[in-house]
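Top line first, the protein sequences correspond to chains P and Z.
Per my numbering, the first sequence starts with residue 1, numbered consecutively.
Per my numbering, the second sequence starts with residue 1, numbered consecutively.
To be clear, the hints were calculated from the coordinates, so they are not data collected in a lab.
Just to be clear, a hint being listed does not mean it is correct.
[Said to hold, decoys possible] List time: in silico DMTMM-like cross-link candidates among lysine to aspartate or glutamate, alpha-carbon distance up to 20 Å: (1) P:LYS184 / Z:GLU35; (2) P:LYS50 / P:GLU33; (3) P:LYS238 / P:ASP144; (4) P:LYS224 / Z:GLU456; (5) P:LYS224 / Z:ASP458; (6) P:LYS231 / Z:ASP458; (7) P:LYS319 / Z:ASP22; (8) P:LYS222 / Z:ASP458; (9) P:LYS50 / Z:ASP286; (10) P:LYS222 / Z:GLU456; (11) P:LYS187 / Z:ASP134.
[Unchecked claim] Far from chain Z, by Cβ distances over 12 Å, these chain P residues were calculated: (12) GLY42; (13) THR47; (14) GLU95; (15) LYS96; (16) LEU132; (17) LEU138; (18) ASP144; (19) ALA146; (20) MET200; (21) ASN204; (22) LYS238; (23) LYS260; (24) GLU262; (25) LEU264; (26) LYS273; (27) LYS280.
No residue lacks a Cβ here, since even glycine has one placed at the ideal position from N, Cα and C.
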Amino acid sequence: MRLAFLCGLVAAALALPALAQDDGLVVYNAQHEALTQEWADGFSKETGIKVTLRNGSDTELGNQLLQEGAASPADLFLTENSPAQVLVDNAGLFEKLPQDILDEVPPAYRPSSGNWIGIAARSTVFAYNTDLLKPDQLPKSIMDLAKPEWKGRWAASPSGADFQAIVAAMLSLKGEQATADWLKAMKDNAVAYRGNTAAMKGVNAGEVQGAVIYHYYYFGDKAKTGENSNKVALHFFKGQDPGAFVSTSGGAVLKSSKHKAEALAFLKWIAGKGGQDVLKTGTSYEYAVGVDAESNPALPPLSSLEAPTVDASGLDSKKVTELMTAAGLI
Amino acid sequence: MAALSLIPLGFIAWVAVAGGWDQVRTLVFRPRVGELLANTLWLEAITLPVAAALGVGLAWLTERTRLPGARWWAALMVAPLAIPAFVQSYAWNSVLPQLHGLPGAVVIALISYLPFVYLPVAAQLRRLDPGLEDGAAALGKGPRAIFFRVVLPQLRWPVCAGALLVGLHLLGEYGLFVLMRYDTFATAIVDQFESVYNGPAANLLGGVLVLCTVVLIGLETMLRGDRRYARLGAGAARQPVRHELGRWLAPALAGLTVVAVLSVGVTLGTLLRWLWIGGTAVWRLDQVGAALWQSVFYALAGGVLTTLLAVPMAWLTIRAPGRWQRVLEASHLYVGALPGIIVALALVSITVRLPIYQTAWTLTFAYVLMFLPRALTGLRSSMAQAPIELERAAMSLGRPPMVAVMQTTMRLAAPGIAASMALVALGIANELTGTLLLAPNGTRTLATKFWALTSELDYVAAAPYALLLIVLSLPLTVLLRRQADKALAA
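Start from the sequences, fold in the hints, and give me the full structure.
Here it is as structure tokens:
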């Protein structure tokens with residue numbers, strides 16, 4: 001027994017460092033795991049470079065990078081939305097991207113700093129239950145959802161980075177006071193779900209009449225079983241409304257990366273044909289943003305969404321967290 | 001080890017002091033915290049009494065009545081322990097999405113944690129001296145009066161201990177309440193963490209949560225009282241008498257069936273349904289296998305390490321009790337009462353600039369802190385049964401003290417050591433929040449992988465992980481049942 005005991009101890013002690021194997025490229029990934037995994041697999045297959053993901057949410061990983069500073073093990077940072085990229089970029093932790101990578105996407109999908117680029121995009125929508133709401137009862141603007149008549153009727157996932165990006169856009173378009181008021185009204189009016197899928201499921205079940213989410217949750221569910229979206233339709237706000245905000249998913253290479261050449265190659269691959277084709281043919285239903293890249297044909301064309309022009313560099317995640325904490329939403 | 005155990009608490013105190021009073025005031029004294037506090041109070045206030053009443057009732061039925069198949073019922077009542085609470089809520093969420101908020105949280109908490117009350121109460125009922133009850137009967141008391149005035153008071157300790165355990169789980173649990181859409185401090189801390197990593201808001205919420213824990217423990221000590229319930233006199237107590245249920249048999253069986261169906265049936269049924277729908281396609285060996293290996297690895301490494309580190313403290317407790325020993329022991333035990341999220345948060349913040357950051361070492365260390373009390377209580381009782389004379393005899397035969405202890409006490413305590421390791425290992429396999437925060441890059445355990453899939457509402461793909469978690473936990477259930485009996489016998 002004692003011998004077995006000691007053997008167990010020795011085995012455990014030996015096994016621990018053995019786990020610390022070479023991870024290849026380390027990606028701090030806040031994008032949907034399935035999508036990034038598909039990108040990583042495609043890239044590894046072409047180049048033989050191993051890719052390891054650390055999954056988390058946008059601002060969690062962004063703030064983590066700030067705290068880790070130059071000691072960070074991360075080589076790349078991929079997010080669902082822009083604010084977290086801005087956060088890390090402002091801290092000066094990104095590698096300046098060479099022109100050939102920047103040229104993979106049109107200027108609208110990259111910040112003025114040129115330190116990160118768009119890799120995909122998603123549109124804000126109001127997903128509503130078709131039994132409970134008729135098209136003429138839909139809100140004209142996302143700002144209308146703050147009105148008392150919407151009390152208890154709509155949902156969102158305030159703890160998620162997606163929703164916080166929408167708030168960041170509102171902050172940039174409407175200013176701090178209007179956004180703070182809207183958030184305060186939202187605390188009274190909205191039902192909080194955790195995750196956009198859960199919110200959409202709530203809409204489908206009739207628990208709420210509508211929810212502010214991104215478009216691809218709907219298309220993704222339709223492509224699977226459709227059981228969470230049978231009674232759901234999408235309302236695009238359009239007309240440059242803050243609710244028509246199209247959020248850019250970003251990618252960047254860390255200055256502290258020890259595999260810079262490989263990391264840049266991966267980012268170029270994602271923004272280039274290989275990565276953008278995954279968006280077109282895969283099950284992510286996010287918009288492709290590469291120059292001349294086509295999105296999934298099931299989606300309404302990106303150009304038809306009449307999204308407001310928002311400078312990605314101006315999206316302030318820190319202020320958003322503060323305002324939402326003050327409103328009691330998180 | 002005791003000093004290391006104080007890290008999480010010290011860290012929270014440091015954040016509070018370093019941030020200054022103004023920051024504490026804006027981040028702690030705000031409506032959101034009041035809301036969370038109210039949520040927590042409601043949850044505890046409703047769940048605990050119901051759990052206590054149900055636990056006593058069920059234990060009495062299975063231990064003190066002539067129930068057909070009482071042994072089987074008893075096993076069924078403990079079975080929910082094998083199902084992690086977040087797997088229960090996953091199943092209920094997919095069967096009955098209307099169940100959420102406070103009612104959902106209470107129901108799932110009850111079915112998941114009822115065994116914590118049931119186990120100690122049932123064990124106590126089994127060994128109560130029926131002499132007292134006979135005495136009361138001889139004095140003309142009816143069966144009902146005997147139950148309330150003789151049996152129930154003797155159950156005070158196990159009920160309080162069980163309820164405390166349930167209460168602590170309610171404070172620390174994350175997955176259950178996320179799926180039930182009920183905000184508690186644990187969920188709010190993770191929300192803050194996901195928004196700003198380890199910002200002061202998350203840490204200060206952690207401080208409030210620690211205060212809740214302290215209040216709960218204080219409350220238990222107060223309610224438990226210090227009355228003596230031991231029997232005097234030589235010899236063993238008689239086997240207690242089992243009561244005839246008579247016309248109450250049918251309702252009793254119906255009640256037990258309902259509890260069993262709710263706590264085990266629904267979840268297993270749902271799981272099997274998702275597995276059936278998923279077929280063989282969801283068993284992606286590269287992913288399921290990798291997660292299984294990670295889980296097993298951490299469970300074993302953590303189990304061995306935690307138990308080894310608990311040995312010196314357990315030995316001190318048995319061989320050299322005293323004031324210092326009590327202080328040291330308390331600092332070992334308190335971390336177990338802290339929600340896992342607190343331990344994890346403190347370790348993230350402390351290690352972020354150190355070379356052990358994001359390594360298997362840090363994660364294993366977190367597990368050691370979280371599960372040290374489990375190992376300690378298991379070790380203590382088994383080491384207490386090894387007589388000190390053997391150690392002395394070995395030393396008088398010329399063995400150095402360490403070797404003497406190894407060759408006598410440790411050998412005799414071997415079964416207890418193995419049991420402790422198993423208990424810790426299984427705790428680790430089901431751990432979620434700490435693992436989410438601290439895991440090395442690329443590490444996915446069964447629990448975190450299950451959680452990632454559940455968050456996307458991909459019930460089908462999550463099912464294999466849930467099944468493996470339950471299969472891994474089955475031995476725990478058996479062990480805990482045995483240990484509850486033994487702890488009281490010791």
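(request) Of all the hints given earlier, name the ones this structure violates by number, lowest first. (result) 11, 20, 21
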